[in-house]
Amino acid sequence: MTAQNISDMLRARFGDAVTGGKLEGVPDPWIAIAPARAREICAVLRDDPSTACDVLMCLSGVDYGGGKLGVVYHLDSTTQRHRIVLKAEMTAADPHVASVESVWKTANWHEREAYDMYGIVFDGHPDLRRILMPDDWEGFPLRKDYRVPEFYNGMKVPY
Amino acid sequence: MEEMMTQPPAAPQAPTTVPGFGRALKTEEMVISMGPQHPSTHGVLRLELVVDGEVVVDVIPHIGYLHRCFEKHCEHMTNYQQVIPYADRMDYVAAMSNEFGFVVAAEKLLKIKVPERVEYIRVIMAEFSRIVSHLIAIGTYGMDIGAFTPFLYCMRDRERVLDIFEETCGARLLYNYMWIGGLSHDVQANFAGKVKDFCRYFRPQIKELNDLLSYNKIFIKRTANVGVLPADVALNYGVSGPVLRGSGVQWDLRKNDPYSVYDRLDFEIPVGKGLKGTVGDCWDRYMVRVHEMEQSVNIIEQAVEKLPAGDVAAAIPKRIRPEAGDVYVRTETPKGELGYYIVSDGTASPFRIKVKSPCFVNLSALPAMSRGAMIADIVAILGSIDIVLGEVDR
Amino acid sequence: MVTYFRDIWDGLVTVLIGMKVTWRHLFTPAVTIQYPDVKVKLPERARNRLYVNMDDCIGCDQCAMACPVDCITIETIKSTPDVDLGLTSVGTKKRLYVPVFDIDIAKCCYCGLCVYPCPTECIKMTDVYEFSEFDRQDLIYRFATMTGAEADAARAKLAAYEREQAAKKAAAASQAAAAPKAPAPQGGPQAPQPPAPASPSTPPEQKG
Amino acid sequence: MKEMLLDALHNEALVYTLMAFVPLVWVVPFALFAVWWERKISAHMQDRLGPMRTGGWHGWSQTIADILKLIQKEDIIPAAADRKLYILAPYLVFAGSYAAYAAIPFSAAYVGAGINIGLFYIISISSLVVVGLLMAGWASNNKWSLLGAMRSAAQIVSYEMPVALAILAVVMVAGSFDLQEINRLQSGWFWNWYVFQKFPFLFAALLVYFIASLAEVNRTPFDIPEAESELVAGYHTEYGGMRFALLFLSEYANMFAVSAIASTLFFGGWNSPFGEYLAGPVWGMFWFLAKGMTFIFVQMWLRWTLPRLRVDQLMYVGWKVLIPFSFVIVLGVGFWVMALR
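Chains as they are written, first to last, in my numbering: chain A, 1424 to 1582; chain B, 445 to 838; chain C, 6 to 213; chain D, 19 to 359.
Simulated from the structure, these hints should not be mistaken for laboratory data.
Some hints could be false.
[What the hints assert, rightly or not] Computed list of lysine-lysine pairs in DSS-like fashion (alpha-carbon distance at most 30 Å, straight line):
#1 C:44 - B:638
#2 C:46 - D:58
#3 B:640 - C:25
#4 D:338 - B:720
#5 A:1567 - B:750
#6 C:162 - C:173
#7 A:1491 - B:555
#8 B:717 - C:25
With the rest of the complex left out, here is chain A (with noise of 0.2 Å):
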């Protein structure tokens, strides 16, 4: 199936749930989804035998700037042979999206890492604890407006 089939189908069942997308001109053609929705989206393009997405390649936390961070899912099917990416974009105020942990166990540290960098919450996630950082870490690193501490636990962090 192509971009364009996926993002049809898409738009068929979800209606207004995905928000756009760029389907031509790219290397990897994206769609844009709601991040709330996330998850039903996920399930329906692993399940659905025409998309048959059985693996999460890759998900990645990305802080756009100026408050807008961003979750992108790669996803790929092996008996297809197609790979499709989703974007699902949130504002650094309300950083929730839907956990696709029951769809891909994947996603389970991969979202926990993205959760330790940016400080994105997924919702449903069972275990959603910081993966590289240390637990009482405070701040999220990767995003763009961070600032190195001074101190961790006493210790002057920039030696």
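We have chain A; now place chains B, C and D onto it with these hints.
For chains B, C and D alone, coordinates are given in the frame of chain A:
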């Protein structure tokens, strides 16, 4: 398959009390910390084991001890070229493969076509890198199981590859060899001869390794039927590389999503067949690596034969300034599918680089494989996943 | 029952096969060498300790810019037009004093990225690999050949020259203001300024 | 030897003390040598050279330097450890393995205690080691040590059975528990050795004994109590300095003890392989030590070849393979002895 995929099957739960003793004696589970300083965690990984005697009830991996802010560093680099030395340091036993992934991604973003010679040399280096990485994986795996000698045989063979690397690019471990659009050096004059010498030398060594370790009864007993990862669970966890192929899924990006010149080379994809136990057990994962080394030797021999003439620096751009946009490129490293998600805002420094590291994903499947196993099996399972903490934590 | 005996048999046989392999290796010569006594010859392209030939350095800061770990610190002082700093071995004219050229080799990651942009090929990686020190401070290599006094003198001279230039400029400006009809002879009285270095001469700020 | 010393010194207590020191004079240098030897063997099997610097020729004094280092080390007792047991355990382990030497006949002229139930004594006294190991693991108050100690207790207790049964087969042939008597019965040319008698039963008994004794002394493939890739170092994780050296020493002492018993029971002990040639008390000592060292070499050879088993597989090998086989051997030897009497 479809229905099985909707609900990932639950891992077998071990009994929390010893049968027969459960009613009479009060038993209690013990929590043991395996790592961050432990000989078999292959780095600074901490596994929180909940054990009932020798039986492991649950495993909770804690990572991040080797977190070096790769992604944060990348955003602060003044150009894309500077990312490559950092990319080397992710999976430091197969640095060439990491570079390969990054340069392929950056070239896709920059829309550069690299000369054929570069592509072939890259393939040779990446396959050597695969051999090196698998040698380490196999050697340390033998050590995890308790056989020390195969490890040193593997290190000895690895040194020969590193000699070739050193002669070509000047470094033994962290090469900075593949550049965006080309290579830092052309190969030396006697490169083809050295490569062929190595291939001739290496094939009998694989056989010796099989004699000493792979088909040893004790080794088979320790690894067959241990840590079974069924194919559907493997896909749901998104594992890749030998871990996925060990589960019997024929999925290799070199064949299934070919990049560089892999589509012009003839090789096979070994998969786990469950010869000594169940499909997807530790022995299968191990054996996939052994067979992959043989295939890599084949690829190298073909690529050296086909190596065309040309200038390796012809397509190196003067200024690296991709237009705004994003690209996700995945390549098959020895550990599995390494993906780079690069977002560019049109400036010379990367806006965001996210690395999908194969070890990170493969390690997340560890609890699913190891519930109900014994402590010694945890070591075996962890070794068969072949993680490099540098890549897990980045 | 058959599998029971076959397992035992396999066990014994594979153990013996393994023992044959190790027995053979007992008599193969070692592949290791006695390191400090015997040394491997490094290949031509070996990338080890950095060396800077200060005679050729023009203070362009390209290497410091290329360094991904910021281990190179370069400070430069512009020379005044009356001094001739000489030519480099490739014939480039030197226009900057380089009072500070520090490489923190403890930070260096031996990637070799600094070597390529150098226009005079004065920074290169050598095959020296034994340079451990007891004090980390000793790993900061100071390549600059200027003494502090020389640098101060050069700085003072530059400052004096710049004051002079500023005064001349001011005089020219006031002249221009005094005679508004005449087109200001832009650039006329100005001395040929050395081309600005590719980057500010201050050390790149800490990143990440 | 005892009589000779008694004649010279006329003091029984002094003589027995001297006699008791003789094995020590052997055990300590042996352990130093064996550690060096093991390193060299492992190195050459792995295409390396091993220690080459200390002392000049092939690093011969490497282990001496090591033991000097261990002696100088600070004696650290972990804060959480059970002090008394922690201190006592290494001595108990060493005492257990050293006491076994009392009944081992080094030569026709020397045996520490020529008791007529020597074998029985050795089997029972070497079980004492397990108490020490458990004590060490428990007193360290470390979970890994505890696991190692539990494993080693289970292992040694299980493998004592096949060891005892294999020894029993020899005892049935010899009709004596006295090791000197067993040696004398095997004198003459090497075909008189028990390993070639009652073929294949005593040969199988040798295999069973050797495999089980590997487990008794925690050597690969049965080194699971100290499996370094699983348990870091097992029961001696928390030990350092001289205490560790003592545990290490007793391990090598044990290695030689089981090898000595194997050579005595199956290979004629101090008997020369060539009948009357090269025989005599001093040659006897030489043959005895040479045979023991050959077994040590095989132990090392196996160690650097094989991976290690898992706990349950270890128990499988012990209870389901070695014990049934040793019963068959005992029965076979029994019938043979009965039928041909």
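Is it true that the CA of residue 46 (chain C) sits at most 30 Å from the CA of residue 58 (chain D)? OK: residue 46 (chain C) and residue 58 (chain D) at ~27 Å, within 30 Å.
Do the alpha carbons of residue 338 (chain D) and residue 720 (chain B) lie within 30 Å of each other, as the hint requires? 21 Å, holds
Run the distance test for residue 162 (chain C) versus residue 173 (chain C): straight-line Cα separation, threshold 30 Å. 16 Å, holds
Can the restraint linking residue 717 (chain B) and residue 25 (chain C) be considered satisfied, given a maximum Cα separation of 30 Å? Roughly 29 Å between the alpha carbons, so the hint for residue 717 (chain B) and residue 25 (chain C) holds.
Assess, step by step, whether the Cα of residue 44 (chain C) is no farther than 30 Å from the Cα of residue 638 (chain B), and give holds or violated. Between residue 44 (chain C) and residue 638 (chain B) the Cα gap is close to 21 Å, so the pair holds against 30 Å.
Is it true that the CA of residue 1567 (chain A) sits at most 30 Å from the CA of residue 750 (chain B)? Violated: residue 1567 (chain A) and residue 750 (chain B) sit about 47 Å apart, past 30 Å.
Hint consistency between residue 640 (chain B) and residue 25 (chain C) [alpha-carbon to alpha-carbon, up to 30 Å]: Given that 30 Å is the threshold and the Cα spacing comes to 28 Å, the pair holds.
Given the hinted pair residue 1491 (chain A) and residue 555 (chain B), is their Cα-Cα distance within 30 Å? Between residue 1491 (chain A) and residue 555 (chain B) the Cα gap is close to 28 Å, so the pair holds against 30 Å.
Hint compliance for this structure: hint 5 alone is broken.
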